[in-house]
Amino acid sequence: DAGVIQSPRHEVTEMGQEVTLRCKPISGHDYLFWYRQTMMRGLELLIYFNNNVPIDDSGMPEDRFSAKMPNASFSTLKIQPSEPRDSAVYFCASSPHSLYSNQPQHFGDGTRLSIL
Amino acid sequence: QKEVEQNSGPLSVPEGAIASLNCTYSDRGSQSFFWYRQYSGKSPELIMFIYSNGDKEDGRFTAQLNKASQYVSLLIRDSQPSDSATYLCAVGGKLIFGQGTELSVKP
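Line by line, the protein sequences are chains A and B.
So our numbering is basically just the index in the first sequence, starting at one, shifted up by 86.
So our numbering is basically just the index in the second sequence, starting at one, shifted up by 163.
Bound conformation, chain A alone (with noise of 0.2 Å):
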């Protein structure tokens, strides 16, 4: 059973470029969510999805930052334009039916994003 893919692995671009992140979720997982990493703030829920409608928002830094589900195997997070302090590792995870069950979030291997 394949687990959450995402990509690209690494990215590296340039200030004031748009960067899109993007994510597989494990089929038949209603959840998806996705985190940011830094050493300064941890790991922090940017936003999640159930059934491909977002729920939860709150945690979007600014409107630079924007997601999508357009279908339940695929999501996209983009950043426009992009900012040296968005560098971060950009995690997505998936879970099946409920947010309680017992077998919870399943991570990808993440983005590292650098922003020069």
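Keep in mind that the hints were calculated from the coordinates and are not lab data.
There could be a bad hint or two in this list.
As the list claims (entries may be wrong) - Mimicking EDC-like on lysine to aspartate or glutamate, the simulated pairs with C-alpha atoms at most 20 Å apart in a straight line are:
1) B/LYS257 x A/ASP116
2) A/LYS154 x A/GLU104
3) B/LYS165 x A/ASP142
4) B/LYS219 x B/GLU208
5) B/LYS205 x A/ASP195
6) B/LYS205 x B/ASP246
7) B/LYS205 x B/GLU265
8) A/LYS164 x A/GLU100
9) A/LYS164 x A/ASP142
10) B/LYS230 x B/GLU220
11) B/LYS269 x B/ASP246
12) A/LYS110 x B/GLU208
13) B/LYS257 x A/ASP143
14) B/LYS219 x B/ASP246
15) A/LYS110 x A/GLU97
16) B/LYS230 x B/GLU168
17) B/LYS269 x B/ASP241
18) B/LYS257 x A/ASP195
19) B/LYS205 x A/GLU97
20) B/LYS165 x A/GLU130
21) A/LYS154 x A/ASP116
22) A/LYS164 x A/GLU130
23) A/LYS164 x A/ASP143
24) A/LYS164 x A/ASP149
25) B/LYS230 x B/GLU166
26) B/LYS257 x A/GLU130
27) B/LYS230 x B/ASP218
28) B/LYS257 x A/ASP142
29) B/LYS205 x A/GLU130
30) B/LYS257 x B/GLU166
31) A/LYS164 x A/GLU148
32) B/LYS165 x A/ASP143
33) B/LYS257 x B/GLU208
34) A/LYS164 x A/GLU104
Model the placement of chain B on the given structure of chain A, informed by the hints.
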């Protein structure tokens, strides 16, 4: 006050000892609690979850939950060098994470 707090460490224990990791949380209505292990450069990996007050044991790992004190802990018995990692406490279904505690097990 942060929603989930952990001692950042580093916590250093000798091989074979018991490592004790602690976590407090602010939302009294929280129902689910998780411990994740994260090796350097890797993604978080679930190692324990607990919903009810008391202890839950799985191999060398024991999670302890005290909802009245809003406190959850993780004990690692017979610590091994391979246990050296950052341990993340997470609370709630959508997972609010603590900053993590770095554990180092010395041979």
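These are the hints, each one checked on the structure:
1. A C-alpha spacing of about 13 Å is found between B/LYS257 and A/ASP116, which places the hinted pair at or below 20 Å, so the restraint holds.
2. Distance check on the hinted pair: A/LYS154 and A/GLU104 sit about 15 Å apart at the alpha-carbon level, within 20 Å; holds.
3. Using a Cα cut-off of 20 Å, the hinted pair B/LYS165 and A/ASP142 holds, with the two alpha carbons roughly 19 Å apart.
4. For the proposed pair B/LYS219 and B/GLU208, the alpha carbon gap of about 18 Å is at most 20 Å, so the pair holds.
5. Between the alpha carbons of B/LYS205 and A/ASP195 the distance comes to roughly 7 Å, so the proposed pair stays at or under 20 Å and holds.
6. For the hint pairing B/LYS205 with B/ASP246, the CA-to-CA distance comes to about 14 Å; that is within 20 Å, so the pair holds.
7. For the suggested pair B/LYS205 and B/GLU265, the alpha carbons sit about 14 Å apart, so the restraint of at most 20 Å is met.
8. This hinted pair checks out: A/LYS164 and A/GLU100 have alpha carbons roughly 15 Å apart, not beyond 20 Å.
9. Between A/LYS164 and A/ASP142, the direct Cα distance comes to roughly 16 Å. Compliance with the 20 Å bound is thereby established for this hinted pair.
10. Proximity of B/LYS230 to B/GLU220 is assessed by CA-CA distance (about 18 Å); at most 20 Å being required, the pair is judged to hold.
11. At roughly 10 Å between alpha-carbon atoms, B/LYS269 and B/ASP246 fall within 20 Å of each other, so this suggested pair holds.
12. Among the hinted pairs, A/LYS110 with B/GLU208 is consistent with the structure: their alpha-carbon atoms are about 18 Å apart, no more than 20 Å.
13. The straight-line distance between the Cα atoms of B/LYS257 and A/ASP143 is roughly 12 Å, inside the 20 Å bound, and the hint therefore holds.
14. With a C-alpha separation of about 19 Å, the suggested pair B/LYS219 and B/ASP246 falls inside the 20 Å cut-off, and the hint holds.
15. Restraint check for A/LYS110 and A/GLU97: the C-alpha separation of about 17 Å stays at or below 20 Å, so the hint holds.
16. Distance restraint check for B/LYS230 and B/GLU168: the Cα-Cα separation of roughly 15 Å lies within the 20 Å cut-off, and the hinted pair is therefore satisfied.
17. The hinted pair formed by B/LYS269 and B/ASP241 meets the criterion: a straight-line CA distance of about 12 Å does not exceed 20 Å.
18. At most 20 Å may separate the alpha-carbon atoms for a hinted pair to count; B/LYS257 and A/ASP195 meet this at roughly 19 Å.
19. Of the pairs offered as hints, the one joining B/LYS205 and A/GLU97 holds, with about 16 Å between alpha carbons and a cut-off of 20 Å not exceeded.
20. Among the hinted pairs, B/LYS165 with A/GLU130 is consistent with the structure: their alpha-carbon atoms are about 12 Å apart, no more than 20 Å.
21. Restraint check: the Cα-Cα separation between A/LYS154 and A/ASP116 comes to about 15 Å, which is no more than 20 Å; the hinted pair holds.
22. For the hint linking A/LYS164 to A/GLU130, the alpha-carbon distance of about 16 Å falls within 20 Å, and the restraint holds.
23. As the CA atoms of A/LYS164 and A/ASP143 are separated by approximately 13 Å, the hinted pair is consistent with the 20 Å bound.
24. Restraint check for A/LYS164 and A/ASP149: the C-alpha separation of about 10 Å stays at or below 20 Å, so the hint holds.
25. Only pairs whose Cα atoms come within 20 Å are accepted, and B/LYS230 paired with B/GLU166 is accepted, the gap being roughly 14 Å.
26. For the proposed pair B/LYS257 and A/GLU130, the alpha carbon gap of about 11 Å is at most 20 Å, so the pair holds.
27. Pair hint B/LYS230 plus B/ASP218 holds up; C-alpha atoms about 12 Å apart against a cutoff of 20 Å.
28. This hinted pair checks out: B/LYS257 and A/ASP142 have alpha carbons roughly 10 Å apart, not beyond 20 Å.
29. Distance check on the hinted pair: B/LYS205 and A/GLU130 sit about 16 Å apart at the alpha-carbon level, within 20 Å; holds.
30. Distance check on the hinted pair: B/LYS257 and B/GLU166 sit about 13 Å apart at the alpha-carbon level, within 20 Å; holds.
31. A C-alpha spacing of about 12 Å is found between A/LYS164 and A/GLU148, which places the hinted pair at or below 20 Å, so the restraint holds.
32. Restraint check for B/LYS165 and A/ASP143: satisfied, since their Cα atoms lie roughly 19 Å apart, inside the 20 Å limit.
33. Between the alpha carbons of B/LYS257 and B/GLU208 the distance comes to roughly 15 Å, so the proposed pair stays at or under 20 Å and holds.
34. Among the hinted pairs, A/LYS164 with A/GLU104 is consistent with the structure: their alpha-carbon atoms are about 7 Å apart, no more than 20 Å.
In the structure shown, no violation is registered for any of the earlier numbered hints.
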